[in-house]
Amino acid sequence: MLLKEFWEGLKKETQQTLRQIEATEKDILKRAYSCALALADANSNLKTFIIHYQFENEAEEIWFFKHAKPVLVSQLIYYCQVYNIEMNRPVGGLAIQREYLNNELENLQDYIDRRPEFYSYYRLGATESDVNYFTRDKFVLGHQYLEPTISEREPLYSTNCDYKLAKILANEQLEIMLKSQLDELERPAEDKAQLPWTTKKTFLIELLYALDSFRAFGRIPLKRVVAVVQKLMGIDLGNVSSAFAEMRTRNDPTPFLDALKDSLLQRMKRNDERRGR
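Quick note on this note's numbering: the sequence shown kicks off at 1 and runs consecutively.
Keep in mind that the hints are not guaranteed to be accurate.
Pairs of lysine-lysine residues, derived as DSSO-like cross-links and limited to a Cα-Cα distance of at most 30 Å, are as follows [as the list claims (entries may be wrong)]: (1) K200 - K269; (2) K231 - K201; (3) K11 - K30; (4) K201 - K269; (5) K12 - K200.
Between beta-carbon pairs, the in silico distance windows are [unchecked claim]: (6) P155 - E8: 20 to 30 Å; (7) M87 - S263: 41 to 51 Å; (8) Q109 - V228: 12 to 22 Å.
No wet-lab data here; the hints were simulated from the structure.
The beta-carbon is built from N, C-alpha and C at its ideal position, and this holds for glycine as well.
Produce the complete structure using the sequences and hints provided.
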């Protein structure tokens, strides 16, 4: 089986499982734990496939360790961290909760501060060091920050930087979650959930990505827009990056946007008919 065929099938199956868990499990600890288990199983299946797979060329190997594996592992890291954050959350008032969440945000920033070279490489979308960063036979210490996970490194399933990238992707989603929770703490009880979202969460994510692509909010980063919308609607959108990745694999990638247009046109038509036009 070709790598991309296996990857797309695994990704689709895993995202379906995650959506089902997110939709049915309301307790955040149980939800995060169940999602982490599902992702651990998916990662194990992917690892088994890769260990026995011969990459067609260097470009395919780079694609896998830069654009495929980190996406899956980032989701696993995200849900594990959500579980740990909630499990260790202290009992206390507003000040204690605020301090705890801010400390978690500082931990995310600390991870980036210790890896400035690679973080800049990621943010710039650079490619010139991909061979050294994302192929297995180029594993060297160099000047990169040495990850604690080196003790568990799998020679056939690891490169210099695929874990770093996965961790950064996970931290971006954790930042959205933590800031949303901080915003929630500051909101008076009477202001909460004033604008409820009554359809699928994936539809809202689809809409937000469309608005961001159109630059409807100017230069405001998408993650900040997501945090504000979650606060406004009293909703947890989970890992929006993984939801967007799943959207791109659909046969119909924009069902909600298409339905919005149809609904608006039908409303205009009804108004015209009532006015005798």
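Verification of the hints:
no.	hint	in the structure
1	K200 - K269	26 Å, holds
2	K231 - K201	14 Å, holds
3	K11 - K30	22 Å, holds
4	K201 - K269	28 Å, holds
5	K12 - K200	18 Å, holds
6	P155 - E8: 20 to 30 Å	26 Å, holds
7	M87 - S263: 41 to 51 Å	43 Å, holds
8	Q109 - V228: 12 to 22 Å	20 Å, holds
Violated hints are absent here; each numbered hint is respected by the structure.
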